[in-house]
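**Q** Protein chains in written order, with our numbering: chain A, 1 to 295; chain B, 296 to 590; chain C, 591 to 885; chain D, 886 to 1180; chain E, 1181 to 1475; chain F, 1476 to 1770.
A couple of the hints might just be wrong.
[To be verified] Here are the computed lysine to any residue pairs in the SDA-like style, where the Cα-Cα straight-line distance is at most 25 Å:
hint, chain 1, residue 1, chain 2, residue 2
1, C, Lys732, C, Leu629
2, F, Lys1660, D, Ser1069
3, D, Lys1027, E, Arg1446
4, A, Lys185, C, Leu629
5, E, Lys1423, D, Ala1025
6, F, Lys1617, D, Glu925
7, B, Lys535, A, Arg290
8, E, Lys1365, D, Glu925
9, D, Lys1116, F, Ala1721
10, A, Lys231, C, Ala784
11, E, Lys1411, D, Pro1029
12, E, Lys1322, F, Ala1721
13, B, Lys535, A, Glu198
14, D, Lys1070, E, Val1226
15, F, Lys1746, D, Asp1138
16, B, Lys437, C, Arg808
17, D, Lys1053, F, Lys1617
18, F, Lys1617, D, Thr1098
19, B, Lys480, C, Glu652
20, D, Lys1125, F, Ser1618
These are calculated hints, taken from the structure and not from any lab test. Predicted model, so just to flag it, every value in this text is computed and none were measured.
Number of protein chains: 6
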Amino acid sequence: MIKKYSNATLSEVVDALCEESSYQAVYHMPEHDWPMPSLEVLNEVVERLRSVLFPGYFGNSEIRPETMSYHIGGSLDVVYRLLVEQIMRGRCFFCDGEKQECGKCEEEARELATQFLATLPEIRRLLATDVRAAYVGDPASKSPGETIFCYPSITALTHHRIAHELYKLGVDLIPRIIGEMAHSKTGIDIHPGATIGEHFFIDHGTGTVIGETCVIGRNVRLYQGVTLGAKSFPEDESGKLIKGIARHPIVEDDVTVYSGATILGRVTIGKGATVGGNVWVTGDVEPGARITQQK
Amino acid sequence: MIKKYSNATLSEVVDALCEESSYQAVYHMPEHDWPMPSLEVLNEVVERLRSVLFPGYFGNSEIRPETMSYHIGGSLDVVYRLLVEQIMRGRCFFCDGEKQECGKCEEEARELATQFLATLPEIRRLLATDVRAAYVGDPASKSPGETIFCYPSITALTHHRIAHELYKLGVDLIPRIIGEMAHSKTGIDIHPGATIGEHFFIDHGTGTVIGETCVIGRNVRLYQGVTLGAKSFPEDESGKLIKGIARHPIVEDDVTVYSGATILGRVTIGKGATVGGNVWVTGDVEPGARITQQK
Amino acid sequence: MIKKYSNATLSEVVDALCEESSYQAVYHMPEHDWPMPSLEVLNEVVERLRSVLFPGYFGNSEIRPETMSYHIGGSLDVVYRLLVEQIMRGRCFFCDGEKQECGKCEEEARELATQFLATLPEIRRLLATDVRAAYVGDPASKSPGETIFCYPSITALTHHRIAHELYKLGVDLIPRIIGEMAHSKTGIDIHPGATIGEHFFIDHGTGTVIGETCVIGRNVRLYQGVTLGAKSFPEDESGKLIKGIARHPIVEDDVTVYSGATILGRVTIGKGATVGGNVWVTGDVEPGARITQQK
Amino acid sequence: MIKKYSNATLSEVVDALCEESSYQAVYHMPEHDWPMPSLEVLNEVVERLRSVLFPGYFGNSEIRPETMSYHIGGSLDVVYRLLVEQIMRGRCFFCDGEKQECGKCEEEARELATQFLATLPEIRRLLATDVRAAYVGDPASKSPGETIFCYPSITALTHHRIAHELYKLGVDLIPRIIGEMAHSKTGIDIHPGATIGEHFFIDHGTGTVIGETCVIGRNVRLYQGVTLGAKSFPEDESGKLIKGIARHPIVEDDVTVYSGATILGRVTIGKGATVGGNVWVTGDVEPGARITQQK
Amino acid sequence: MIKKYSNATLSEVVDALCEESSYQAVYHMPEHDWPMPSLEVLNEVVERLRSVLFPGYFGNSEIRPETMSYHIGGSLDVVYRLLVEQIMRGRCFFCDGEKQECGKCEEEARELATQFLATLPEIRRLLATDVRAAYVGDPASKSPGETIFCYPSITALTHHRIAHELYKLGVDLIPRIIGEMAHSKTGIDIHPGATIGEHFFIDHGTGTVIGETCVIGRNVRLYQGVTLGAKSFPEDESGKLIKGIARHPIVEDDVTVYSGATILGRVTIGKGATVGGNVWVTGDVEPGARITQQK
Amino acid sequence: MIKKYSNATLSEVVDALCEESSYQAVYHMPEHDWPMPSLEVLNEVVERLRSVLFPGYFGNSEIRPETMSYHIGGSLDVVYRLLVEQIMRGRCFFCDGEKQECGKCEEEARELATQFLATLPEIRRLLATDVRAAYVGDPASKSPGETIFCYPSITALTHHRIAHELYKLGVDLIPRIIGEMAHSKTGIDIHPGATIGEHFFIDHGTGTVIGETCVIGRNVRLYQGVTLGAKSFPEDESGKLIKGIARHPIVEDDVTVYSGATILGRVTIGKGATVGGNVWVTGDVEPGARITQQK
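Isolated chain A (complex conformation) (with noise of 0.2 Å):
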């Protein structure tokens, strides 16, 4: 196991690395010296906020109603903890150190951090629709649970749900490193942007990208390989794209969208709406309609 190689080159590598004009377009160094958010801390937060959400399919598998105030809210002390920290980093990620004091910084994340816990208790009421919706619309599921335990499309909104609160209370970056967990480990790409209704179901979900400005009503159905996206994004004067604007589908309610159908732009699929599958969609449809490939 002779594994000598030329001292040379490697110091070579390492002078070439280190010189200012390699490495300027991809180091991060913070103004305030707040280390990058983790992943792994943010994977524990969502976990244990999933154990909270659904008590006894995750975490502590064996909790009974007269000690569960014990595991949520020792979950919940520890989640709260957790997100304050990583709200500050996520905030001094984007922080150009001009704006206000980092004393000021902590203090909101503390604020942000509190306010979101308030809205666990609607974060569980859509998703027990989610679970309704995820049975009911499934000939292959046995029971509710089976759908929270199993079923990407809980995995997905779990994580797009509490990313989308974070998301209206302008948390930076933690969003959207928690819809990427969900989009790596389900293939549902869901932008913590979108507003989605209750009662909302995506089977088999591969594929499926929901984008920033989408707003999803009740009882929406979509399958695998679904594009909710944008047509064409405008440029401001000096040919930069303009950021933000609404440029996604508007979904009303009871709609059903088939594997593999796109949808580009700010159109709007009219309540009741059918759209088949490998469609190409980029205007307007009628409530009620029916639209399939032509063959």
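On the provided structure of chain A, position chains B, C, D, E and F as indicated by the hints.
**A** Leaving out everything else, chains B, C, D, E and F in the frame of chain A:
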């Protein structure tokens, strides 16, 4: 690092989450105090089975014929024990506590695990044909061994052929969990109920979906983004989905389905047929036919 | 917890699995007793390289210019050692034991690892252009750093640009493993043989496939579910696939391919062309052309 | 790395080790298939109890009075469940399978765990006096908190006071295991049967031994290397040791025993006595006496 | 596995443990919300320092002179950062919140960590003499390297020489923790305050105790079970121990103390003296004298 | 969390530590690039051997006679492979690179590991007598199994009897490491060279030392703090210790040595003798004699 927050808020949130009206739809309390199946243990079960099915590729990578029986025997003895407990947990998950006593339940779990072990030689025989199919079907592969070690198709089929045998034995929940593990890892979503013949290959695979009642023949090849799904879900008189009826395609021997194609309903794709990319099929296809997208 | 089972069954199963006829097609016994490459070690290699390529974003997130050379030098020294062993394992995996002695094999592995290290500054330069492409190409992104830390496109390209250099050096098996790691995590399947120019971006990415002999120019943008695949696989006279011939598309500079599009065969998509969503292309596309699905 | 060896040797060794005559004296096969107690789980039990007994010093180190009940309640609920199973395992270890049914055994384990929990306030009260004793008794200590966090004496007494309550309840094997954990970590060997009054301190502690039937009063201080042992072991008529009779010293209140002293047999060290270093004592010591080594 | 218990009991125990009268003497709530020092992090600090002090023996065991600066530099940069935080935690542990602001506290912690790093070359120089002493002093040792890798004496002295420098700098709590780590592992209890000259060796070591104000010369050898302790603890007028006064032995150069010997008080063991096994010494010993146990 | 420090200091410290004069006495660079033995791997080796020697007590705690050969065979196959590499590392540690080629070195390591495996039945036979000795010798023990699972004596002897066989085979360094593992865990320090007869028991054990050339007969019992050491270390003409000569006691059958006793030099403690606590012995003791401390 002063991380105080309003304790009032925390206790209010905890109280809200511990009200029965909040948790009743998302809380799991089994009849007989068995915890939920453990994803970690089931992962160990699958990893041990993988090392048994493909000796030398996984697990102890220096196994020799003379000592093979020690390693395989030891692994299967552990698998047996772990599986008995997981089968009981899965069964308890759906148990309404009325049909039978727990003692009988354990006896049956042991019987199921024993029967499952007996299917391993056949599972390996089928996987060996899948390895062959991946090697001969992909110009980029350099040896059959490379497909065993690297290809998502073999990963997904190892999970599926294990899950399918458990499904056929009537094991609850566990087959679905094993299927979703592969779905998360490979983007290939095969319902454990699907019947798949030998010499099967899915190239790339991300986004491919194979439904519960599919019947796939020998020597079939699929690509990424293929859907073998249901067309409609018959409801009973009360409007509830009728579960369990045959609703997915029959794909006969020697069929190839290219990427993004969607085949829906209990249709038959005849022997030797080819379905082109992005094509949408909801009717039978003649043996030997070539269906392509119109342009 | 009485978990007995028929010992007869276990020993029968073990005996069946240890028969040569059962295991011969799925058993790996290398000529020279090197174990299989280790996914765990290769993951460490990639994570260390990621921290070297993007200092401060990954690994030690508090790195400063003054101490950068310590961290980068230390990481690369470890990477070198780990990589030499994995290269030898990959080589041994395909070795027929006839061509050469093992000693020479190790010498070559050291040489290959050294040559690989020397490509890192160029890998980083290319990735910096990819980061730029992701930032300017996505209206939802708030800073280049966010794309480094969160975007599947950058994850996939980091893996690919590493794997591609190893592939060009003729390293066996390892490039494919590194590519599949990214495939599993992001749903983006890029064969390590693919040649990809600078300033490349894949938005969302799940289900996108880029084949072994693809040649992609500068400033190309793809979306999710895009296939750059082979159309047919020429066979030799004996009916075996001819491996290694150019069979995937050439995509010239400034091309955009929207979600779900499929481009097959050694066709050329001309400079500046746009291929619409779900479109199926099997012929050349003129420079500047816009191909869309007929409706 | 050619690592072959004579397979004949291996199988011969295995065969020899699997002969009943070889393994019968060193093989454990319980009557009722419960596994051995788990050192890992018992370590978790003790760590959780330590965090409950000394809130803020161990476990979650940022606990506040307002949320203390969540953390303590959650930890004790977990401890209860883990302990019930370990108590059953310990009981099964000694079970001859004749006395009673397993069902009753579980009921009793639950009862024992419940009774143990009820002793925690008293265990904490005693430990608080031990902390005080360590602080006032060691000129090198700077605060009571330092003794909680760093001193082997407090570690050993935390284990002992837990183990002793379990011992008094008649729990099998588990108290001994908890005692040996502390022995391994601190070098202090206290048998769980020993009765120890409040305000107890062992300085340094390595090598100190306190036997099963010792009775130690209040405000006693020992040093390292002290033995409170048995002098002789009475045998019954058949020559077997008579187990369980009082055979270790009684040490009354306010006694100090210096390092290396050995006190053997059911002798009484009277109130306020001092036993010098390396002294050998096998008879009673008067209250207030000072025994030292002759020189 | 029916594991119910009286919920009444649990809540009563929790309530009892959450009463202020129960927890006040054993609860840690720091003034400024810094958590307790982390044993895990301090262990990492010591392990990294060990790999820096003995390159090639610990940590990366294939370090070469050409790349040594990368590894040592990287490790020390990490050690610095970890140590600053642990120093602050230790300081906060004793802080009464009155003397100064936290900001100044952090500045001082950085200064202390910087000063500590500067002592490492001297720590290594001393340890190199200890290695020599262990090798020449033990007929069973085969090479100096063996003593570095295996001998408790070197382990204990590595911890001690690190802890002693931190102690001299006035770092709170951390030195004691590092000393107790070695105590637990080796059974050798050296207070971080003890001053120990070069070329020091403790053979076997279990049970040896070296007190806070000991002053040990060059070339001293101890055996297991040796106590260099305090004889009496002067109290102030109020009966409280006076902390910090010189109360342990001075051991001059070239002294040997055999196993089990006890030397108490501020006595001087003169240059070249030998103290026999199990001997009890409470007065000065002449240079060159041989003290043995009377028989 | 602003953690800056003088970079000048760091680089100065690094430079000082990387000067050859600083590191030369404490740096390990093997001749043939084998790394140091791995404590982690050796711990796995011992744990696997423990599970083989005491089936059902350690490792897989539900082993049954019918499947015992699978578990024992699998474990020993792994132990063999791990041990061959560790033996080579240990050998390389002392290698001066002159005597022989590495290839031969590996062959010999394989031979040594094979020979070691063949001693396992005898090791187990001896340990079974030690278990018996612990059970009958301690009134506090309730069953032989309890001593296997809990007693430091059995832990230390398991390590010793393994280490001693490796020592007799001439394996370098590894036996010492295995001995020190037990020393750290139990406080019992037995040199792997010591010869110990069957039916041996050390009660409590902390601080007991047994030297390299000790010869201990059958049915011997020691207590804590006993030293069986060397009296003087003969030097050669150049003043260097002569290594390897017989210098520790011979303890004949049926001897008991009580706590704290010290026996030094190549003396003989005759059959059936009893040495009292804290006694100091440097001459022969008659068979059947009772030596006690004078008072």
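**Q** Which earlier hints can't be squared with this structure?
**A** 1, 9, 10, 15, 16, 19
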